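Protein chains in written order, with my numbering: chain Z, 1 to 308; chain Y, 1 to 310.
Keep in mind that a hint or two might mislead.
[Claimed, not checked] Beta-carbon label-pair distances, calculated as ranges:
#	chain 1	residue 1	chain 2	residue 2	range
1	Z	K213	Y	G138	20 to 30 Å
2	Y	P70	Z	V87	46 to 56 Å
3	Y	G138	Z	G171	29 to 39 Å
4	Z	V101	Y	G168	52 to 62 Å
5	Z	Q204	Y	E199	25 to 35 Å
6	Z	Y127	Y	P70	41 to 51 Å
[As the list claims (entries may be wrong)] Heads up, incomplete: computed chain Z residues facing chain Y, CB under 7 Å, no partners named:
#	residue
7	L161
8	P165
9	V201
10	Y239
Quick caveat, the hints were computed from the structure, so don't treat them as lab data. Since the structure is predicted, the reported quantities are computational estimates derived from the model, not experimental observations. C-beta atoms are modelled at their ideal positions from N, C-alpha and C, and glycine is treated no differently.
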Amino acid sequence: MLTYIIRRLLQGIVVILLVTIFTFGLMHLAPGDPIDVMVGEARVTDEQIERIRAQWGLDRPVHEQYIVWLGNALQGDFGQSVVRRGVDVSDMVLEATWVTVQLNVLAMVLSIGVALPVGMIAAIRRYSSFDYFSMMGATLGVALPNFWVGLMLIFLFAGMLGILPSSGLRGPEYYILPVIVLALEQTALLARMMRSSTIDVMTQDFVSVARAKGLAEMPVIFRHIARNALLPVVTIIGYRLSFILSGTIVVETVFSVPGLGQMFVTSVQRLDYQVMQAIVLLFAVAVVLGNLLTDLTYAYIDPRIRIQ
Amino acid sequence: MSETSEERQAHESRQYTAGSTTELAGLERKQRSEFRRALNRFLRYRAGLFGLAFVVVLTILAVIPMVFSPHDPTEIFSGMRGASPSSEHWLGNDHVGRDVLSRTIWGAQTALLVGVVATTMTAVIGVAIGAIAGYFGGWTDSILSRLIDTVMAVPLLAILLVLAAVLGPSLRNVILIIGALVWTQFARVVRADMMSLRERDYVMAARAIGAQAPRLIVRHMLPNILGPVIVMFTLGVGSIIILEAALSFLGLGVQPPTPSWGRSLSDARPHILRFPHMAIVPGVMITLTVLAFNLIGDGLRDALDPRQRE
Chain Z
1 MLTYIIRRLL QGIVVILLVT IFTFGLMHLA PGDPIDVMVG EARVTDEQIE
51 RIRAQWGLDR PVHEQYIVWL GNALQGDFGQ SVVRRGVDVS DMVLEATWVT
101 VQLNVLAMVL SIGVALPVGM IAAIRRYSSF DYFSMMGATL GVALPNFWVG
151 LMLIFLFAGM LGILPSSGLR GPEYYILPVI VLALEQTALL ARMMRSSTID
201 VMTQDFVSVA RAKGLAEMPV IFRHIARNAL LPVVTIIGYR LSFILSGTIV
251 VETVFSVPGL GQMFVTSVQR LDYQVMQAIV LLFAVAVVLG NLLTDLTYAY
301 IDPRIRIQ
Chain Y
1 MSETSEERQA HESRQYTAGS TTELAGLERK QRSEFRRALN RFLRYRAGLF
51 GLAFVVVLTI LAVIPMVFSP HDPTEIFSGM RGASPSSEHW LGNDHVGRDV
101 LSRTIWGAQT ALLVGVVATT MTAVIGVAIG AIAGYFGGWT DSILSRLIDT
151 VMAVPLLAIL LVLAAVLGPS LRNVILIIGA LVWTQFARVV RADMMSLRER
201 DYVMAARAIG AQAPRLIVRH MLPNILGPVI VMFTLGVGSI IILEAALSFL
251 GLGVQPPTPS WGRSLSDARP HILRFPHMAI VPGVMITLTV LAFNLIGDGL
301 RDALDPRQRE
């Protein structure tokens, strides 16, 4: 078990390094560098530009720059933002991470709270009108683009009804719309999975045995069906971290939420390389750790899963 | 019941007749009935038929948009900024005065182009990598599996955005970028299926009579995993259309003046409170298109791959 964890961690580190090398290389292939962005229209001489380049280490070969960056990053120093001059990237990113984590934890709680009961009831009352309508809703929910739903909710609740704010994050009421939109796709997917997983469990022998020994329907559902049906559904959440991050990028932009997602989009649009790099690294670490933790949890909860 | 007897007949004709022509006839009958059964299963799923009908309509719009589009999608009508729907402009005008209906109709072309071409790319790359990894196993498999793991651990939208920003956002780059990164699901499924197929008797038999790897893979093994590949392809088109819309919405996808639904929503965002009509129809089109491909995919899964049924 320990060797397995160590091996997976090493693999994870390789993956993270590859991702950062890839983005680092890409950014340096791009036409123009941060200095061009910084200088913009200002009148500066070529010597001045060269001096700034040397000062920032931008005149050195790419692989040297990468090693310097990596060394600093390992010590928690991600440099300074080129666009927001003089601000440490690590401070910016830390602040934004907190916002993003808050939103996504709330969205996760909401989608689990809605999806699991709905999926289970749909499975138990299979072919009922509840099953039919909830699964139709789930199919639609998967197809709805979250940025459009966000715009429509802004129009409805901030525009027509005027009861909720349209953008920013300055109080509890600001969380309502972004959290709902973030939860939407996840809820639809989890409800569908919960339904099919429950149906799978319901047809297994141990459920028939529980019923045959005279157990009432409620204990059968909660003690035997629910516990087993939950397993594949809850564990899939960890594997979906990459999609959750994609969701947060889009939704934070729609609602102008000062989180990681919006910060990433602005840094990409302005070619603020230091910020881009730091966020890509953070995302890659999150995805790798998410997958590893999910695998471990899975093996821990379900002894039938064998880890080699 | 008639299906089963037909199948048995085909089976028997193969077992007891030595003549190759009879054997071929039997095989052909088997194939036809297999196809017909799949078709019957698909036709029974009404939501899938709705999806198919919608995609047919959309394809017609995408191929000959000029027939249906009342105006040039890039023409700017002066003095019509954000104008509400009227008899001349059924869906109104956008924030610079272009006709929303015309832009929506031409947007179908962009959506389908990206959806189909990028998904084809992902399918080709994914099937190739999956087939090679699954067939050869050993070191080849280890290396390719690590590659699949790495690409899967990439925060997808983040890297797509970085790539689009660096390479310069355009329709062609959006297709290339998505095609180059979204193939992992194909690779994983094909790899697993190839590994189990490799041990089948008929593959061993073909290998025993001297068939080489490329022929074995292409002629004998890939046709047997066509079902799941077709299903993944259909579902992939839907999710890639959403991805293109999201990239364009964030300003790093298709660039103006090319009409794109995601781009239209991006244009609508700052004006959502004043000109909501700009956002409604493009969003409905994205939703219906993705829904249509997903429904076809669900129907095909039931028809072609009964094991994966939900």
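Consistency of the hints with the structure:
no. : hint                         : verdict
1   : Z:K213 to Y:G138: 20 to 30 Å : 50 Å, violated
2   : Y:P70 to Z:V87: 46 to 56 Å   : 50 Å, holds
3   : Y:G138 to Z:G171: 29 to 39 Å : 59 Å, violated
4   : Z:V101 to Y:G168: 52 to 62 Å : 33 Å, violated
5   : Z:Q204 to Y:E199: 25 to 35 Å : 28 Å, holds
6   : Z:Y127 to Y:P70: 41 to 51 Å  : 45 Å, holds
7   : L161                         : 12 Å, violated
8   : P165                         : 12 Å, violated
9   : V201                         : 14 Å, violated
10  : Y239                         : 9 Å, violated
In this structure, the hints that do not hold are numbers 1, 3, 4, 7, 8, 9, 10, in rising order.
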